[in-house]
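Number of protein chains: 2
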Amino acid sequence: MNQDATVLKSKIIETFGTPCAVIDLDIVERNIAKVQALCDATGLNNRPHIKTHKSPLLANMQIAAGAKGITCQKLGEAEVMVDAGITDIIIATNLLGAAKSGRLAALQRRVPLKVCADNPVSLAEYSKAATDAGRALDLMIECDTGQQRAGVETPAEALALAKIIKSDPMLNFVGLLFYPSLDGWPKTQKFYNDVSAGLAELGMHADIVSTGGSPNLKHMGELKGSTEHRAGTCIFNDLMMITAGVATLEDCAFQVYTSVVSRGSPERGILDAGSKTLTADTGGLDGFGYIVEHPTARIHKFAEEHGFLDLSKCNNKPAVGDIVRVIPNHVCVAVNMVDQLVAVRGEEVVDIVPVAARGKLV
Amino acid sequence: MNQDATVLKSKIIETFGTPCAVIDLDIVERNIAKVQALCDATGLNNRPHIKTHKSPLLANMQIAAGAKGITCQKLGEAEVMVDAGITDIIIATNLLGAAKSGRLAALQRRVPLKVCADNPVSLAEYSKAATDAGRALDLMIECDTGQQRAGVETPAEALALAKIIKSDPMLNFVGLLFYPSLDGWPKTQKFYNDVSAGLAELGMHADIVSTGGSPNLKHMGELKGSTEHRAGTCIFNDLMMITAGVATLEDCAFQVYTSVVSRGSPERGILDAGSKTLTADTGGLDGFGYIVEHPTARIHKFAEEHGFLDLSKCNNKPAVGDIVRVIPNHVCVAVNMVDQLVAVRGEEVVDIVPVAARGKLV
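Line by line, the protein sequences are chains G and A.
Once you know that position 154 of the first sequence is 158 in the numbering used here, the rest is easy, because the numbers rise by one and skip nothing.
Once you know that position 183 of the second sequence is 187 in the numbering used here, the rest is easy, because the numbers rise by one and skip nothing.
No lab work stands behind these hints, which were simulated from the structure alone.
It is possible that some hints are incorrect.
Since the list gives no way to pick one copy over another, a pair counts as held whenever it fits inside one copy or between any two copies.
Stated by the list, open to error - Cut-off 25 Å, straight-line C-alpha distance, at most; resulting in silico cross-link-like pairs (DSS-like, lysine-lysine): (1) Lys222 <-> Lys167; (2) Lys132 <-> Lys15; (3) Lys222 <-> Lys194; (4) Lys72 <-> Lys167; (5) Lys317 <-> Lys222.
Remember, predicted model here, so these are calculated numbers, not experimental data.
Generate coordinates for the entire structure from the input sequences, incorporating the hints supplied.
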């Protein structure tokens, strides 16, 4: 990592001011290539989750590097990606309120989407949207193998949904969506095997068997029968990914440049980046980010536009006016706070990347 | 409060989908009038903090109702408000990285701003920006009377800054900025009295003595010598304001309409609003928001686009497809997530209000 970045700091402060959200495109490209190589080595299709960057430019870089398609988490993201010419898209959540709005039908008219369900109500809404669009929707069944997030909890429930899909001419069954917990891969295998056998009895087959998660990159390919993997955070990385053992500080492409704007007392300091910049999401970690220049300084609290520093363990304390770089705990929510990312290579500012799919809610 | 809002829910789902951020303009107007009346009754100028809504439209409603000017928390907010024709603005933070960028000088060229400082480094940057702008900057000294946020901690420090300001022809001293803690008003009085006496010795005077905070509405006017109050959250209110005793559920103007998209098991449910909608900011409260239709349901965890419901204490459990309304713990950070608010009156959608000053970082 560039240890002082003095030249770049001057350029950023003069052009943009602080706080400023910065990505290093050299690291981004390296991260994209690394995941693609992992997918290639395991024989899986790469379907990066764009919720991390929300940028058509970066999504197209991932596709150019070999990704088969992309994953979106909401309809508004898919709309932006379709606008940018991307056509192979899984929307990896139950769309219900969004489906009812007519926007799903409008998008399905433009591009055949793959959508996900874990319940019959969603299937009914999808069927209606597909009918409105005049084109059947490709359906993935979301399966929960222990995370207690979305997804059917048993193979029997998955098969019940498969039967509904089979009986509906406006729905095409195309596959299964998994997000195994780190220790949940054996359970996921059993779940998949059971569903697979049941599908065969119904004369059906899962063409796409999708696993997910950047922390799961270590386990990619362990599900026999899987055809693709969806990982998002690994394009930028963050403290959560370092904690998960899938990245190092050198792999973190996103940093917030922020100024020390106040030093209330010898052990205190204040940054001009708060919860409206780095977010209150700790990702289960201690504090709110890693300060490159002062690793022993601790961001212990946020106001909306202020980060409060505990400098008591910091021998080399920052001064008012210093610019420091913060790697966030959870990069996906931090990127989501800004309309644009300043893209750099080394100490050069090379581009402005709009976070085009943010701020849209639906 | 509208207890079922069936008609409005249908309109919102058909036009926008969920999640959808909604404000009730009838409640907004009532809240604006209430704070203005409080200020009028105590003889203070009203200087609402626009960080809560970030909307020129709402800021101009506050001014039309009697507010003398507005408070901004960052330069990007002030830029948007100046674009909308607002000219009496305090930016209530030390601007350092933002000041260095040249954007402060550019804005100061258009409108004479009031800016804040708690240290000499900021004063030096302000002086430079004022010189670049060709117009002196009005300076407030930020004073910390116990919150341990920004601000000088002693009257002596305040007076040291006042002397620097007095000696600099590009800086005009105009006043003092306070944000007393709820029990910190007597301490603030003593701090103010000491600074005031010191200023008199220097032949100086604080024309503006500004107190802040919606929770402090109860104490407004208790600081003898104060001339104005800055409150932000009270235009919308939230669970934090209810907890602080300055609002009721009926005063909460902002709600997120969200669909129940999954029911993993009898005691579990999932909303399509997560940390990218309501934010991970708990405001120190339990859970992540109040569900109007199911007050005993608890949002106990977020994924980025999912809210996880604990329904174990809920007799009347929501079904998949239901639309529910969530009042957030902290409305200022929730509004900051979206590009626009859907404005309603009763069960009518009447406007779309852009959150024009969000996503800007600096």
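Checked hints:
1. Lys222 <-> Lys167: Result: close neither inside a copy nor across copies, 34 Å intra and 61 Å inter.
2. Lys132 <-> Lys15: Intra 53 Å, inter 18 Å, cutoff 25 Å: inter-copy only.
3. Lys222 <-> Lys194: Cα proximity of Lys222 and Lys194: one copy only (19 Å, versus 61 Å across).
4. Lys72 <-> Lys167: Intra 28 Å, inter 65 Å, cutoff 25 Å: neither.
5. Lys317 <-> Lys222: Answer is neither: 34 Å inside a copy and 39 Å across each miss the 25 Å cutoff.
Hint compliance for this structure: hints 1, 4 and 5 are broken, all remaining hints hold.
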